[in-house]
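The residues making up each chain are set out below.
Protein chains: 2
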Amino acid sequence: MNNKLQFDYYIGIDIGGTRTRVARFSDNFKLEKKSVIETPLYEKNPKELLEEISNKIQDLKKSNLKFAIGISAPGPCDTKMGIVKNPPNLPGWGEVRVSEFFKDKFDTHVCLENDANAAALAEYKIGSGKGYKNIVYFTLSTGIGGGIIINGKIYRGFEDSAGEFGHQIVLLNGPKCRCGSKGCLEAVSSGYAISRDALSKTLVRKSGILYEIYKKNGTIKAQDVFLASSQGDDISWKILNKAITYMGIGISNVITVFSPECVVLGGGLTNQEYIIDEIRNFVTTHVKMAPINKIKIVKSSLGDGSSLYGSILNIIELQ
Amino acid sequence: MNNKLQFDYYIGIDIGGTRTRVARFSDNFKLEKKSVIETPLYEKNPKELLEEISNKIQDLKKSNLKFAIGISAPGPCDTKMGIVKNPPNLPGWGEVRVSEFFKDKFDTHVCLENDANAAALAEYKIGSGKGYKNIVYFTLSTGIGGGIIINGKIYRGFEDSAGEFGHQIVLLNGPKCRCGSKGCLEAVSSGYAISRDALSKTLVRKSGILYEIYKKNGTIKAQDVFLASSQGDDISWKILNKAITYMGIGISNVITVFSPECVVLGGGLTNQEYIIDEIRNFVTTHVKMAPINKIKIVKSSLGDGSSLYGSILNIIELQ
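For the protein sequence lines, the chains are V and G, in the order given. Under numbering that gives the first Met the number 0, read the first sequence as residues 0 to 318, first letter to last. Under numbering that gives the first Met the number 0, read the second sequence as residues 0 to 318, first letter to last.
One or more hints might be untrue.
When chains are identical, the list treats them as one kind, so a pair holds in a single copy or across two.
Restricting the straight-line Cα-Cα distance to at most 35 angstroms, the calculated cross-link-like pairs of lysine-lysine (DSBU-like) are [stated by the list, open to error]:
1. 79 to 124
2. 287 to 79
3. 29 to 102
4. 181 to 46
5. 129 to 102
6. 132 to 295
7. 84 to 124
8. 33 to 104
9. 237 to 200
10. 102 to 293
11. 287 to 46
12. 293 to 46
Derived from the structure by calculation, the hints contain no laboratory data. Keep in mind that this is a model prediction, so the values were computed, not measured.
Using the sequences and the hints given, assemble the complete structure.
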């Protein structure tokens with residue numbers, strides 16, 4: 000990759016619901032040093048989180064060298080104005096002028112991107128989607144999000160709102176989604192949905208592996224359901240089977256509409272390798288109009304670092 | 000629109016399952032003269048249809064003036080090579096090298112486009128989608144198809160297969176689709192699906208308005224179901240209600256994924272004006288992530304001429 004810019008190094012910031020990462024990258028995008036902040040410590044206090052990020056940047060800064068700042072944050076974002084807008088994943092934030100804050104603080108170039116778009120860009124530039132022209136990226140995690148790269152550029156859509164793959168309706172009159180609609184992919188197939196279904200079924204059944212987990216921890220996480228399923232728990236298997244089938248539908252539909260050359264799957268749920276195999280099986284048998292046998296369905300190679308990498312790779316894209 | 004090309008006029012050809020249109024357009028894209036061929040007269044004889052089209056072109060030609068030929072045809076098409084590839088809507092065609100045929104015949108510039116893409120382009124350039132940057136076009140007819148315009152250009156996807164909106168899966172384990180999959184939007188909400196459901200229900204019920212139509216005509220068309228519904232037939236209303244609800248899902252999902260500024264609805268089913276109102280109501284209440292109140296949902300203004308216009312407008316796009 001050519002770096003034709005006038006910056007000596009880059010600072011990347013990935014604001015997440017659980018963790019916020021701040022890192023320094025060389026002028027050719029190698030990670031040099033990283034700090035992690037527990038985001039919930041600053042819940043409902045975005046300004047304090049931004050101050051803490053600034054402290055980390057001060058520690059990472061190299062004196063007398065020119066740097067730019069790239070930020071990725073949960074959507075929705077106004078990327079042109081650099082504003083994070085009431086993200087469901089950051090409760091109590093409201094609208095926060097993130098770019099302006101860092102511009103004022105460090106008097107340098109700052110750019111903001113939605114985290115799923117940033118991840119898609121990183122996978123396209125240096126990850127599993129490298130070498131293709133049009134790719135889509137799915138994050139399958141507590142929520143389900145996505146990003147679209149067309150001709151090597153992030154496709155943002157009207158008011159930065161494209162790529163909300165988790166909010167396709169896959170089940171008419173299905174479970175309520177946190178977006179306010181019903182039967183969205185996220186409400187049926189996400190880590191949150193798996194955990195919700197496991198909890199409600201377990202509280203009725205009051206026996207079995209999941210109930211033991213519930214008694215111990217007071218809750219059931221998606222990863223508990225994977226574990227129970229691998230130990231032969233029938234209810235867990237059914238919950239996962241339903242979730243993965245609808246994931247297959249959501250991913251098939253994006254392929255049918257977009258016909259990308261490559262689909263990159265990231266997010267915590269893909270740590271269960273068999274999910275990717277199941278999705279690949281589903282789309283291969285259900286997608287008929289796109290050349291499905293030539294379309295690559297691959298796991299993210301950057302893992303949970305994809306948005307952080309994307310935040311700085313986005314700087315050169317936007318110049 | 001500027002016409003900076005070296006052609007004095009254009010010939011547009013729109014090959015359809017029912018009718019094929021051949022027309023002459025001025026250098027500034029005004030329709031001058033049009034001929035219509037009944038396509039089924041040449042069923043399974045694509046070469047004979049192409050010969051008949053050539054005869055029409057001979058009649059339309061102006062001596063000593065330079066012209067180009069634009070063709071729209073049912074997909075799938077290889078637009079680069081100018082090949083129509085086993086279109087389900089033209090039974091018995093196989094692969095036909097349409098562009099080569101007319102190039103050899105008239106020794107001029109020829110370009111081919113999928114009919115839904117051509118229609119989308121025409122709506123973007125001179126129809127209901129004029130003035131927007133990113134639009135999607137749905138054709139709601141016997142089948143359901145679509146086209147995508149991004150930054151004013153047709154988005155074709157991998158091997159020209161993008162925009163197959165009718166083959167999103169909207170109903171898990173739903174009715175078989177002619178594409179080979181199950182529960183596709185086309186298998187649930189198209190004119191074909193409405194007609195199929197009406198027929199199967201009527202043959203069980205053996206009474207009512209639809210049964211009278213069936214006895215008279217030996218079949219039930221989608222337009223019969225609209226008529227019966229308007230006359231208070233309860234079964235017709237239920238069939239249409241289901242079809243339109245799933246249309247709402249399919250269109251909502253494309254909006255959620257793409258976030259276009261404008262959705263243009265064309266095809267025979269949109270002649271029932273209330274369908275557009277129903278779809279608008281559905282998407283307004285179900286799409287939460289895109290700025291749905293700012294996104295225009297409008298009827299095609301070019302009607303069944305959109306693909307024909309698109310065929311010639313595509314010539315200047317591709318140069």
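For the identical chains here, do residue 132 and residue 295 meet the 35 angstroms Cα criterion within one copy, between copies, both, or neither? Both, since 12 angstroms and 29 angstroms are each at most 35 angstroms.
Copy assignment of residue 84 with residue 124, given that the CA separation must stay at most 35 angstroms: Cα proximity of residue 84 and residue 124: in one copy and across copies (27 angstroms, 34 angstroms).
ask   = At most 35 angstroms between C-alpha atoms: does residue 181 with residue 46 qualify within a copy, between copies, both, or neither?
value = Cα proximity of residue 181 and residue 46: one copy only (33 angstroms, versus 50 angstroms across).
Copy assignment of residue 237 with residue 200, given that the CA separation must stay at most 35 angstroms: Both, since 11 angstroms and 33 angstroms are each at most 35 angstroms.
- Task: Check residue 79 against residue 124 for me: Cα-Cα at most 35 angstroms, and say if that holds within a copy, between copies, both or neither.
- Result: both (22 angstroms within a copy, 27 angstroms between copies)
- Query: Quick one: residue 293 to residue 46, C-alpha cut-off 35 angstroms, is that within a copy, between copies, both, or neither?
  - Reply: between (47 angstroms within a copy, 31 angstroms between copies)
What label fits residue 287 with residue 79 when the C-alpha limit is 35 angstroms: within, between, both, or neither? Answer is between; shortest inter-copy Cα gap is 21 angstroms, intra-copy 38 angstroms.
Under a CA distance limit of 35 angstroms, which applies to residue 129 and residue 102: within one copy, between copies, both, or neither? Classified as within; 31 angstroms inside a copy, 38 angstroms across copies.
Note to self: At most 35 angstroms between CA atoms: does that hold for residue 33 and residue 104 within a copy, between copies, both, or neither?
What the structure shows: within (20 angstroms within a copy, 66 angstroms between copies)
- With identical chains treated as interchangeable, where does the CA-CA distance between residue 287 and residue 46 reach 35 angstroms or less: within a copy, between copies, both, or neither? This pair counts as between: shortest inter-copy Cα distance 28 angstroms, intra-copy 49 angstroms.
### Query
With identical chains treated as interchangeable, where does the CA-CA distance between residue 29 and residue 102 reach 35 angstroms or less: within a copy, between copies, both, or neither?
within (23 angstroms within a copy, 53 angstroms between copies)
Within, between, both or neither: how does the pair residue 102, residue 293 come out at a Cα-Cα threshold of 35 angstroms? between (44 angstroms within a copy, 31 angstroms between copies)
Checked against the numbered hints above, the structure violates none of them.
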